[in-house]
Structure formats: structure tokens, C-alpha cells
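Student: The residues making up each chain are set out below.
Number of protein chains: 6
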Amino acid sequence: MAKKTFVATLSPGDAVDDEFVLAEKTVLQKRDGHQYLNVVLADRSGQIKGVVWDNVRSIAAVAEAGDFIRITGSVSEYRGTPQLVIKTMTAVAADRVSPEDFLPATELDVDQLFERLVNLTGTFTTPWLARLLAAFWQDEAFVAAFKKAPAAKRMHHAYLGGLLVHCLSMAILADKLAAHYNGLDRDLLIAGAILHDVGKLREFDYATAIDYSDEGRLLSHIVIGLEMLDEKLRQIPDVPRDQANLLKHMIVSHHGEPAFGALEPPKTVEAVVLHYIDDLDSKINAVREFMAKEDPDQAWTSFHRLLGRHFYRGTPEATPSKA
Amino acid sequence: MAKKTFVATLSPGDAVDDEFVLAEKTVLQKRDGHQYLNVVLADRSGQIKGVVWDNVRSIAAVAEAGDFIRITGSVSEYRGTPQLVIKTMTAVAADRVSPEDFLPATELDVDQLFERLVNLTGTFTTPWLARLLAAFWQDEAFVAAFKKAPAAKRMHHAYLGGLLVHCLSMAILADKLAAHYNGLDRDLLIAGAILHDVGKLREFDYATAIDYSDEGRLLSHIVIGLEMLDEKLRQIPDVPRDQANLLKHMIVSHHGEPAFGALEPPKTVEAVVLHYIDDLDSKINAVREFMAKEDPDQAWTSFHRLLGRHFYRGTPEATPSKA
Amino acid sequence: MAKKTFVATLSPGDAVDDEFVLAEKTVLQKRDGHQYLNVVLADRSGQIKGVVWDNVRSIAAVAEAGDFIRITGSVSEYRGTPQLVIKTMTAVAADRVSPEDFLPATELDVDQLFERLVNLTGTFTTPWLARLLAAFWQDEAFVAAFKKAPAAKRMHHAYLGGLLVHCLSMAILADKLAAHYNGLDRDLLIAGAILHDVGKLREFDYATAIDYSDEGRLLSHIVIGLEMLDEKLRQIPDVPRDQANLLKHMIVSHHGEPAFGALEPPKTVEAVVLHYIDDLDSKINAVREFMAKEDPDQAWTSFHRLLGRHFYRGTPEATPSKA
Amino acid sequence: MAKKTFVATLSPGDAVDDEFVLAEKTVLQKRDGHQYLNVVLADRSGQIKGVVWDNVRSIAAVAEAGDFIRITGSVSEYRGTPQLVIKTMTAVAADRVSPEDFLPATELDVDQLFERLVNLTGTFTTPWLARLLAAFWQDEAFVAAFKKAPAAKRMHHAYLGGLLVHCLSMAILADKLAAHYNGLDRDLLIAGAILHDVGKLREFDYATAIDYSDEGRLLSHIVIGLEMLDEKLRQIPDVPRDQANLLKHMIVSHHGEPAFGALEPPKTVEAVVLHYIDDLDSKINAVREFMAKEDPDQAWTSFHRLLGRHFYRGTPEATPSKA
Amino acid sequence: MAKKTFVATLSPGDAVDDEFVLAEKTVLQKRDGHQYLNVVLADRSGQIKGVVWDNVRSIAAVAEAGDFIRITGSVSEYRGTPQLVIKTMTAVAADRVSPEDFLPATELDVDQLFERLVNLTGTFTTPWLARLLAAFWQDEAFVAAFKKAPAAKRMHHAYLGGLLVHCLSMAILADKLAAHYNGLDRDLLIAGAILHDVGKLREFDYATAIDYSDEGRLLSHIVIGLEMLDEKLRQIPDVPRDQANLLKHMIVSHHGEPAFGALEPPKTVEAVVLHYIDDLDSKINAVREFMAKEDPDQAWTSFHRLLGRHFYRGTPEATPSKA
Amino acid sequence: MAKKTFVATLSPGDAVDDEFVLAEKTVLQKRDGHQYLNVVLADRSGQIKGVVWDNVRSIAAVAEAGDFIRITGSVSEYRGTPQLVIKTMTAVAADRVSPEDFLPATELDVDQLFERLVNLTGTFTTPWLARLLAAFWQDEAFVAAFKKAPAAKRMHHAYLGGLLVHCLSMAILADKLAAHYNGLDRDLLIAGAILHDVGKLREFDYATAIDYSDEGRLLSHIVIGLEMLDEKLRQIPDVPRDQANLLKHMIVSHHGEPAFGALEPPKTVEAVVLHYIDDLDSKINAVREFMAKEDPDQAWTSFHRLLGRHFYRGTPEATPSKA
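Those sequence lines, one after another, are chains A, B, C, D, E and F. Under the numbering used here, the first sequence is numbered contiguously, ending at residue 323. Under the numbering used here, the second sequence is numbered contiguously, ending at residue 323. Under the numbering used here, the third sequence is numbered contiguously, ending at residue 323. Under the numbering used here, the fourth sequence is numbered contiguously, ending at residue 323. Under the numbering used here, the fifth sequence is numbered contiguously, ending at residue 323. Under the numbering used here, the sixth sequence is numbered contiguously, ending at residue 323.
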């Protein structure tokens, strides 16, 4: 049955009868001994908190965090935000829902994007890097996850396919910069652009909602990515160890500074370039996605908390006429 | 007469008879009432301190800071650094020296670089920006200075012609990025790349040595550049004021953050992009110039104080074979 | 008709029929295709959000942001803050309202304050500075704006006339300090005190509400102030350029440190002093205005978020008896 | 016998036979077992390192750190700085030297300065504060030390009498500001100006050289000053405890921010004002003393490391003509 | 009468008739001239805001901040948080309530904890330290307060008895570390562990609610603790002054860095160790108390704002089996 | 032949004929085309720069960086520091020198230290951790390196065996704290203490001098340590993956904060404790090693640049008498 209501549009007073992901589930107890159930429901438009006051035990047994459910209830308000008061909850089989209703996804064709990436690595002239990327591309489980993973939980490319969109854009920029500045190792730079965030395949869970995995919170995508790279490197013969360390260094240093998560600052020209194109591509994307969500008739966006400013789109007259 | 000795190669014990720029000159007095003269001499290889113990008044009258001089004397050492003990000093007419001996300069052909820039702005489709750049290009004094100015006193592009080299590289990158990301105002971005540092023409003195001017120290190249831009804008009819503010904003914000000298953070997508390509081009240049000065047989450079790290060039075997 | 209700005193459940400034206006669309109108209404006591559910198109056409309007409706609550649900909206001509109802203003007589400032600059003995200030005082549009502009949107002197109050207080302090420390250039210091924030006349819009202008957000009051100063300097003959740079430097550096918006740190004794009296006068004013808003029976104010502390007014017994 | 040579003017090669303070003394041992003596000698012009190679034990027994001595020897150079190689050392009785040769001191008349301070506190109308200051003024040992103490080891007012110069200047400023801003507790503010740094009487040793005392390094002048204040408060009857805490708070908070040594930020208007006039008076003094040491013919000073900038004195023409 | 309702469990719609502490009381006035009363009510479970609309004067006269009261009313919601609308308020005598209902307290036996501390100081071999601690232990008012004081208002050990729990834990750790690292002054280290936070006895008010005292906000527990220590030191004969300064230094420096409230950084090995065990014991306690409040079935806690992370408790299977 | 001279005791004028490590070697060229050789020589007492002016090619061919050499020459001074002017250089076989002359080493018996560590892990009750540590202990190459590696290049435990000394001290502290705080996973905490720095075995080269390896500079000991741990984990059956992640998390987070190199902050209680004991043990060691190098007769050490303070050892009288 087609999903009709989305959490972003729920207002106090609305009655609800629709499918959601059960993102979080916590049984709590009042001081008087009665139990109640706090939940977070999600779909592709966002998240909403909910509460179950009655039949707590039987309803809590219906589903686990990550499952699809159908609920009935109504929207009230608690501490200034809308909250669902849930009457009934039933499990919904994963094969009965349209996945695209529950997680935002890129509108681009990920298979086409991926093919462009494969074509790019097909031009590599450094044997061990060509073999390495081939090993990744031949790993079907990897490729499936690489086409699906988001690049972030928030801020930029925070949707299914986002990691691929981001890495392809960076790989193309890497190629252009390798042509602009002489002396850069083009293959190494492109390989770094493709693999620098590869740990995000496991740093995030994105089966039914985008969130950090246990492993992601404990180890970070840097460490997970290095493990994934090491696993592939062990399968390839004759990898020059010092070269492999240069590639690992790009993963280690791509955040630029220790305070932002770089264990070492970039120490090769290629690592310096990689850091900039990563920062540039993430920031451009973050700003444009933020602008896209706001009222198109206003010259200024609202205040972006993390970036600490309003952004300017200009007035209609201000638009440059290129004709 | 051809200059034979350069300050970078002077060692304690050397006798000196050659031409230099008198970079600084200070008459000081000992407690016993005797005067002596402290000077700084410069040529394209660097600077050295010097002292005059005898005939202080007559020697001090020979030249002012910024003049060319010929000295005789010998190198001693004071507080751990080489110091010239100067016996005689005579003035040298500016037209008798080879300017290239006294200031480092790009090895590229600045006329060719400049022509590429003019060609690029020749493709502008935004009328007022086309007129603005034309106004700059028709100002002969401006063009002469623009071909000569350094981009910095230290760190990156710190040589005659350095500003042009830097701005051309950025303008080309701006063109590439305007093609890579859709929706960017190409003309505005390229104009920003060319004009963002234009205040450096007056922030620095670079007639006989590269140093900050009074105006540069009091106002910064940001403010000077805005004055220069305002002067040209007053000469052009029909400049849309809100558009002009977007160009000024790129000068105001190109350092990215207030702590690094941005009065406002970049608030348009074009200003965000400009900040990144400025930072990228400066940093790549700084790293490569630093590497170029160091022993080519060592895998690691010495420690770069400002960037806080050693850089890695790799061992000969580590060089990727592209064949 | 006299305004009776002010946004600061509206509580959920109140019915409203009164005049306000339409501070912001945004048409939004639900996923079901229906449009609604989000507005922000303002008067001298503050701002309140409002929403229009019906007749959206016709009501949206009534007025633009910045216009005076009369609305009827009632106060509800959304996400924890009061919100106006608006039934009707009609335009009100600007000449039919009492401006003092809509923007907070100093209770002091701005004409008297201004006269004191004119008297002070009348004592200048530096010819070009005397001519410069005279040029400003003879510019009627400037003087009108200078008497009306606020010094800030929040924090200190955030009301009509606030800039004049602040600049006069600083000019008097400048005069006192020029007497206290010998060797200070009194005229330069007082001129700096008067002109350091002059860009705020255009950084803010304060016709019907105090907010940043486009120009203010893109360029900052520092750059706008320098433009305004340059414009006047071009009208005066025989300005010594190095002296003018010292005055500009005071505008450039008055925030003290780059992280707080100083392009250069204060590099003259006068600029150092100006920075301190600016900081002192702003802070004293901020603290006292904050104290004045709080319960006079409490020894401590509530927590001041920006200044990071509670302030102490002391208990009645603690009040020093000066008799 | 009059001192003729001062450490600031010693150059390699000079022979020395004169009196100094033995500022530090350390017996060290080479790996071959031989002992040598490292010393630091001081006079009002600065400090110089020295070494004794022969007769180490007998020479080391001549005097302790802080004693006056006469040495013979010659100036050599070690690791880039001048160093005295000492041949002989004899003790000199303290009553045989001219104290002003050994420590820099204000050129102002400290008795006159002190009298102005006493006159100012004579106008107090708050009984307990009048009694408190009287108690300090009646403590002869305190007054003697207060007239002698420096305000710092370096940076500003770093000479005998410097603390009094600084406190008097601040007390006068406090008086002026209490007249400028209404509602300030004038007596409290002036008392804070006089007593805020009182712990420096014990934080520093300044008998024969200015250095930190053990107590100063372990406790800081804030804590020592509070102890000194507490001692006096115990002697005065009927001090209102909450009032006394406001005075203590001014000592506790006068550095403004925790990172600069304020245990609490200023939480009363008087404490806010005190912080600013302390910062202002210290900074003005630091800048002017720095300027005074530099070549008067140069427009710019050398780089001030702590304040992070060159200071501008302007060119002769730039001097404002007040006539 | 036993207290039945606690503020942490109040929800909009609840009727209330129970006892609370009147934590804050403020009479405010609407623009229409009517007064109303804002209050904060507290018990051991937390705080809630309340408002009185009618009979404001007579109800405001019933009690002062810090008194016990009984109220009737109902819970509504204002700006997103629950708020009590109070109908009636009556005073309740302090001897009629169960104190443990109003302030959280340790579940440990404070008399036993205190006895362990006394036993530990009974092993001191440094005479003056043994005498000093004895002087504290013989001061009955001190001991009563020391057993009752909290260690903080929030974050860690924020309950009655918390200071004693914290100091005993630290004293035991001090003892262990004095055994682990040789050369540490065991008695000094343990004394520092016990006395470092002694000023918190007066920094906080904790008669009916935990909050900062006036003195605490103006002077900080560091300064108050030094005053308390000085008072005891004056009662003990033959205290070696330099030794006492080492103990004071531990109070002065125990926060480690100026930015966190250390007037001086730790300069003795004992002060360095004290800083670490203070930080360790506070942080462990903070983390564990935070974990204890959260849903035990979840692997991760919610986000801890001050510590900037989620904490991991692991899944049931993850629990190490020690059997 | 026994080494007699050590670089720390060389003074200008000394003749030298002894063995050193050739720590660095760089051939440079003057502008006149002549080559010279810059070297750094090292032994256990430190490092000294040297220069070869003649026979540059043949001497440069004698040895590579890291080799033992014998040189003859004399000590001069360059830019304020001693410099060896080298006449002859001959290679020395590694088996002809006494290694302890060239690198500082702990005076403790590393075999005994290691045995204590093995005994401690022998008490583990968590099967997979017992197996993991056993796997490390059975790896002879690992154990040999673990007994030899330094914990740092400078600051603390910067000598052969230093890593073992540091890890054993931490493991014992971990054991004590697991007994002090209940609920800690003792085995996990001790394992973390032993393995947190294991990457330092490869981060440093310490065959003939302590310096960073290429791998160390590119990847950091965190990443190298995780690789080493992963290699051992692959050899052990039935490792619970979530448990292994908790151990890896301790390596990832032990620096505490991102700015200090923690990819994630400590998120388990054990990781929090590990961070503190690492910081405590490093700092105590750093302070004590610094104190040990200084004049024992002085109450205060010289200024410690990294820790930003002088340390106090107290005067002889200040030493607590424990008798």
C-alpha cells in the first residue's frame, strides 16, 4: 500500500495510519511503576518521536529498531515538538514496502555513475593500483554497498548513493588537477579520491535508516577503511609496500588537521590536493543542498548553524544574464 | 660590473666587495656616546645584517634604505649568525645594476602569462564585468605593476611576477570548476580569481626588495584592493550595485575565516569556491617551493615551521613508473 | 489609532487586533500542494512568528516585508513558542502609525547629543580633520541617518539613536584619555571615536525594524565605513595621505584582533586606545542594559549567554551609601 | 666606586672589571669530573651569562645569588650570545654600591606619586573602605614596599616604582570613569584600582634584581594579594562581609578571562571597568616603552613578539601639528 | 505527610498537591500593569517552573526562596516545557518535611566514609600535616558541612555527601600512587586530595537545594578554600611556611590549566598527580552517573553534551564473563 | 676501542678522534660549484652537526645514514652552536662497537620487567584476551622489539626499553584501578595498557639512533598498532568481534581528544581510564626526567618549553622529614 503521510508534514492534530521505520525503541518506567514506550519513527522525510501509553509490553514486542511497522495514532505536541501518540503498531514485511519511501536517495543513476568510475580506473598505468581497484570492482558485495552508501548522516551527500556521487566528483576533479599541476601522481591521486572514504560502507548502517554503526562510532571510517584496504592489498601480489603506505597516508590524512580527525597532516603533494578537493566538494554540496531546501523567493537563507552564516542567493534581478 | 657574491653563501671569514640593496639602516649609540650603524643588506638570495663601527656619520649619509650600494668588508659572526663588518660604502646608480640580481623573479614569461589572462577575460559574457576587466587592462601603470608584484613576502609565490602566476593559475582553475559544478557564475568567479589579491600591488614594496609598505601594514591588501576596485567601478557606467557587491564580497571573504583575515565568511557559492582555489593554489605552491629548496637525495624535507610537518618526496624506487 | 498590544506580552489564547511591522514573509507549500504563509511580525518590544492558513494568495499580496500592517487573529503555540494564527491582514500607511511604537529608541534627546559632538569637533586644531568632520556634519542625509542608526542588532545600544549615544560617549572618553596620557593625537583619537562605526548607517536597515542590510552582510560595516570615509576624503583638498591612512587604520583595527574582525591589529597608540574605549563602552552598556531588564529584587541576573556569566547587582544592604 | 660598564653594552673582546649582582649561580660537572661554575650577572641594563673555569670551589664560596660582587674577566661568545669568562670574584657590601646602578627605576618622584594616591583615598565616603586604605597607608613596611615594587618582570612598568606608577594612573582613570558613567561605586572602583595587584609586593623579589619569588610562582599575585587584603580586613571592625567580597572579587577577576588568570570573570560593573582600565594602562605603557627603546628615525618599530605586530610611529611629517 | 509527586514525573494535565522547595521567586509586571509571579519549584528529582496569575501579592508573601512550601495547581506547558500553574501556596515548616525528599544524597554511609578518611590521616608522619588535618577534624561545624556538601551542582557527585565520596576516593588513589611512584610526598599528596575542594563547603548552598552561593560566584571555591586553610593554619604552631605554600599550591593548581581555573599550572610532582586523580575521579563518576540514568537495554547512551559523545555500554553478549 | 668523548661535552676548540653514529648525511653545493658535506653525528648523549669541506666525494661514500663511523676533526662554532669540522671518516663495523655507547637505555632489567608483564597477563580470565596476549608473547621477533623500543623520541621514556617501562607501569596502575572502581573489565583494561602503543615498535627506528620511520611519519603508531593487532587477531580462533572492537577502540582513543590524535574520544569507561593512566604516567615520567637533568642545588628547574612552566623541587630544608 502506497505511503501517503511523511513525518516532515505531520502537524499537531493530524490522525495517522501509515508505515514507518521503527528507528529507536526504549521502554521506560515512571516512578509510579507504570511502563511506557518511547519510539522514534522515520521515513525519507525525517524523524518524529512517538510514545505508547497503553499495552506497552505487547506493542514493544511487535518489532525491533530497524524494522518496518504500520502505526495508527495521532499527533500531539511535547516540549515544543510534534509527537505521535500511538494506539496500535503492527509489523510490516520488508518486501511489502517501497524502500524509496523510507530513505532519501540520489536521483542520479548509480549504475551510470559507477561505470564512469570504472572507466576512469581503466586508464591507470600504475600496475599495482590498476590491480587494486580491479580487486575492489570484482568484489560484488563491495560494489553493491558502494553504490548504496551515503557519504554522511547529515550536512552533505546524506542520502543513498551519496558516497558514490561524492567520490566520482572528486575523482574527476583529481584528474583535472593532475593535468593542471605538473608532477602529480595521477593514478595515486584518483585512487585516493575513490578510496579515501571507503570505510563509510561500514561506518554507517543504512538498511532502513542512516545512522552510525557500533563499529563506526568505536573505530571511525578512517580505521575501517584502512582495514578494508589492507584486506584487498593482501590479495594482490607484488604491491610495493612504500607505495601502499602513500595510499594509506591519503586515508589517514584526508581530514587535513588532527582537530578534524587527521591522524597525520597531509605530507605528500597528492595528499594535500586530496584534502582540498574533499573539503571543496563536501562544502559546495552542503551549501547547495542547504540552499535548495529554503524559500526560493528570499535573497538570504536562514542561518546555517554549523557553517555559522546566512547564504546569499541574490535577488531575481541580481541573477547574471549570460545571454 | 657583474655581481659575484650573494648573501646566502657568505660564511664567516669571507672578504666581500660587491653590490647590495641597503634594505635597512639604523644609527645607534652606545652608552659611552659613540655611534655605530646597523644595516641590513639584501640581494635575490636573501638578507644579511651588517655593522659599521668607524666613519659612521659619513657612511650613513651615503645612501637611504632601498638604495643600491657597493660595500667592502668581511664576514664575522654575531649572536650565532653571520654579520658583515663594513669598511666602506658607496652609492651605486640604479641604472648601473642588473635588477635580476637583487630580487628573485619568476622564470616564466610574464607577458605570455598576462596574455592568457586577457584572453580569458575576453570570453566574458557579463557586460559590466567585461568592461571592468577591460578598464584594468587599459590602465598601463596597473598592468606594469600587476606583471611585477609578488604574491607574498614569504611562503608562496614570493618573487617578482608571483602574483600574476598565482592569479592566472586560479583563473584557469575557476574556469574548470565553473564547468564541473553547474549553476556557478563563471564570469564572476574568474573575475574574483583575478582581482581577489589586487591590493598586493600596493601592500608590498618591491622596487629593490620585497617588504610591506606603510599602507600595506596599516590597511591590508583587502582594504587597498577594495579601494582600487572602487576607483575602477566609478569609471564604468551602469554597474549593477548589487552585482558589484558580490564581487567586493569575494575580496572581503577570500581568506575564509575571520581569524585568517576574512571580514565576512564566504556567503555565496562563488565566494566559497574562490576561497578553496586560493588556499589550494597557495598551499601547493608553498609545498613545492619548499621541497625544491631541499636536498633532492633525502626522502623527507626538513621541518616546515608554519605548516608544522616534514614533507615526503619518496625514495627513487618509490617514484611511480608511468611507462 | 494607538497601538495597544505588543508582541512581548502576547500569550497563548490572546485575541489580537493591532498594528505591526511585517518583518518577514515566506510562502511555503505542503506536500499535499496547499500553500501557507509564514510571517514574522515585529514592534518595539520584539518579534513573533505567525502563520496564515487560508486565503494565502490574497493575504500575501497585501504587503511586503518592511511594511506596516494591521492583523486580526489569535495566539497559539508551535514548537514551544507563541505563534500568531492570522485571520486577516490589511496594509497600513506609514504616515498613519506612531513610529516609536515599532522600534525601540533612546530616551535621550538626539539633537542635544549631536550638538555636543559638533561642539567637540569644533575644537579640532588639525586642519584636515576639522574639514573632514565639517564635511560630514554638512551632509544632511548623513546627519539624519547618524542620529537615527542603532549601534547593533542586539547586545548593546540596539535601538534608534544608539550609534550616536555610543559615539558621543566614546568621543568624550577619548578627550579624557588624550588629557591623561601625554603624546596622544587628540584630534585623531576623537575623530576615530566618532567615525569608527560609521559604516553601521548602511550595515543595518532600521526603517521599520533593525536588521542587517544585504550590503551589511556581504561587506561588513568596516568596509562600508571606509567607503563612506573615502567619499568624503575625495571632497576635501590637501588631505595628507599618510594621515588619512592613520584614520582609516583606526576603522580597520578597532575590533582589536583578527578573530573579532580586525583586519590588522591596532598599530598606533591611538588605535590601541580606540579599541579599548570601544570595547569598554560597548561592554558597560551591554551589561547595564541586561541588568535593567531583569528583576530588580534579585541579587543576581539570569545567565548572559554571550558573556557567559550571571551578573551581580548586590542586595539592597550592599548598596554603597554615599551620603 | 662608580660603576662604569653595563651588561647591555658588553661586546666580545671587552675586558671587564666592575660590580654586578650575582643573579644566579650553579655548579656543574663535566663528564671528565671537573667542575665549573655557571653564573648570571645583572645590573640595571640587563643580564649576561658568565662562566668560571678555574678555582671553582673557592670562587663559588664568595657569594650567593642576590649578592653584590666585583668581577674581573673578559667577554667571549658562547652559542651566539656574549658570555663573561670570569677570572676573579670578590664580595661587595650592599652599602658600598649605588642601588640605582643595579635595577631600573622610575624617573618620577615616588613620594609625590604616593601622596597623590593618599589624597585620592582621603576623599572616600564609604567608611569601611576609608578605614581599609588607611590601614594600608599606616603600615610602614607595606608603604615602603609599595613605593618600590615593579608591576612586572617584563612587558610593562618593569622597574622599581612601576607598580605605584601603574596603580596611580589606574586610580585616576577610575575616578574619571566613575564620573563618566553614572551608578558606579566610585570608592570601590578606586580601591580596586589601588589594590588589585597588591600581591605583586611579594610575587616578585626586587632587592637586587627583579624576578619571581618562590611564593609568587607557587601562588600567583592574585592569591597573595587576597591574603594581604584578608590580613588587613581582620584588623578593621565592622566590615560588611558582602562588600568585602565585592572588593575581593575585583582582585579575583581583574584579568578578565580564566585563560588569562581570572578565577571568575568580572561579574559587577565595577569589576568590568577595572579589568578594562588595567588592560588599557598596561598595554599603553607596554607599547610606549617598546617604542621608546627603538630607533627614533624609523617609522616602524621592530616586531613585538608578544603583541604580534610592528608599531607605527609615523614619519616626521606625519606628526600632528597642534599649533 | 509523605511527598508523593516529584517534578521529574510531572506531565501536562497532571493535578498537583504536594510539597516542594521554593527555589526562585520573581514578581514581574505586564505592560498592562498587572503583576504575576514566576517561581521555580524543586525537589530531589529536579526543578520545574511555575507561575501564579492571581492573588499575586498575598501568595508572594508566603515564602522566600529556599523555603519549603505546599502548592496546589496543575501542569500546563509553556514554550515547550511543562509549567505549573499555581492556585494556592502555603508555607511548610522545615521540621515537618523529610529532607531526603528534596535533595539527592549519596546512598553510602557518610559516617563510615568519614571514618576511613580520619583513619588515613591518622597514619601521617609529617607533624604539621597531622596537626592540620586534626584541626579540621576537631572543628565540628566543618565536619558536619564536609559530610553534607555536594562536589558539584551538575556533572559529577552532584548530591549531598558527594564531596566526601569524591575526596575519599581521591585520597585512597593518592595513597596507591604514592606507593607506585617513588619519591612522592605521601602525606602532602593525601592532604591535597582531601583539601583541594574544601572551598565547596561555602561555594555551594545546599540547605534546601544545590546552587552557588553569592560568595561562591564571586570568589570561587579555590579562593574560599585557601581562606579556610589559612584560618586553620593560623591556629597551628610551627607550620613551615614553604611547606604550607606547597599545600596551597595544590589548591591553586588542581584544575591543571589556566583556562580551566588553575591560577598556576601544577609545578610540583605532587600537584601534577593531584590534578590527574581529580580529573580521573570526576570523569569516571560523571560517565557512570550518566550511564546509570539511561535505558539499560540500549548499547549506546544518548549524546552527552559537555563530554561531546555517546558512551557505549555494550550489548549483553558483549559483557565479559569473568567466571 | 672504548668510546671516550661524547657529543654533549664537546666544546669549541676540542680535538676529536672517536666513534659516532652517522645520523644524517647531505651533500650540498655552493654557488661557486664546490660541494661540501653536512652531517649529523650522534651518540647516547645527543647529537652534533658536522661539516666536511675537503675530499667530499670520497668521504661521502664511506657510510650511509645509520652506520657507525670513526672521525677525526675539531670542534668549531657555527651560528651559535658547536660544529665538528671533520678531517677524516672511516666506517666501523657494527659488531666492533658497544651499542650502549650510542643510544640511551633504561637502567632497569628489561627481562625482569617483561616477566612481570607476562605474569600479569597470565592471570587473565577472559579466554580470547589470554590467547591474544599469548600470541604476542610467543612471537619472538615481537618480544625482542618490545623489550628494545623507546616510548618516544623526546619528552618521556625516550630511551631503549622505555616503551616496556611505560607499559608495565600502566598495566600495574590498570590493575589497581580495576580494583578501586567496581564494574571495570580488568582484563580489557590491562590488555589496553599493554597494547595501546604497540605501533611504536615500527613508528620509530632505533637501531643506531631514535627517529621516526617513514611508516611512522605517514601512518602514526595508532594505525600501525591496529595493523599489528589485526594480524594477531587473524591467528586466533573465536574472537568475539564486538569485543575486539572494544580493544581496538582503546588504541584509537587513548590520546583522549581529536586535537591530540584520538580518532574518536574514549567512549567506554575502560577507554576513559586508559587515557588518564597513559597521560599520568607519561607526564610524571617527563617531569621527573626533566628534573633529574637539572642542577640539584636549585629550588626551581629551568623553563620547560612544552609544559610551559618551571618545576619546583624545593629547598633542602623544604624536604619533608618522614622520620
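Hints may be right or wrong, so weigh each one.
[What the hints assert, rightly or not] EDC-like mimics (lysine to aspartate or glutamate), calculated; alpha carbons at most 20 Å apart, straight line:
#, chain 1, residue 1, chain 2, residue 2
1, E, K232, D, E231
2, C, K283, D, D175
3, B, K148, B, D175
4, E, K176, E, D279
5, E, K283, F, E264
6, C, K232, B, E64
7, B, K283, B, D297
8, A, K283, B, D175
[To be verified] With the C-beta cut set under 7 Å, the calculated list includes, among others, these residues of chain A facing chain F:
#, residue
9, E215
10, S220
11, N245
12, P258
Just so you know, these hints were derived from the structure itself, not from any lab. Where is the CB? At the ideal position from N, CA and C, for every residue including glycine.
Student: Now look at each hint and say whether the structure bears it out.
Tutor: A quick look at each hint next to the structure:
Among the hinted pairs, K232/E with E231/D is consistent with the structure: their alpha-carbon atoms are about 14 Å apart, no more than 20 Å. Proximity of K283/C to D175/D is assessed by CA-CA distance (about 19 Å); at most 20 Å being required, the pair is judged to hold. Restraint check for K148/B and D175/B: not satisfied, since their Cα atoms lie roughly 24 Å apart, outside the 20 Å limit. In summary, the hint linking K176/E to D279/E is supported, as the alpha carbons are separated by about 16 Å, within the 20 Å threshold.
For the hint pairing K283/E with E264/F, the CA-to-CA distance comes to about 17 Å; that is within 20 Å, so the pair holds. Restraint check for K232/C and E64/B: not satisfied, since their Cα atoms lie roughly 35 Å apart, outside the 20 Å limit. Taking the CA atoms of K283/B and D297/B, the gap is near 23 Å; set against the 20 Å cutoff, the hint is violated. Restraint check for K283/A and D175/B: the C-alpha separation of about 19 Å stays at or below 20 Å, so the hint holds.
Because the closest C-beta pair between E215/A and chain F is about 6 Å apart, less than 7 Å, the hint holds. Interface restraint check for S220/A: the shortest CB-CB distance to chain F comes to about 5 Å, inside 7 Å, so the restraint holds. The interface hint given for N245/A is met, as the beta carbon of that residue sits about 5 Å from the closest beta carbon of chain F, less than 7 Å. Nearest Cβ of chain F to the Cβ of P258/A: about 6 Å, under the 7 Å cut. The hint holds.
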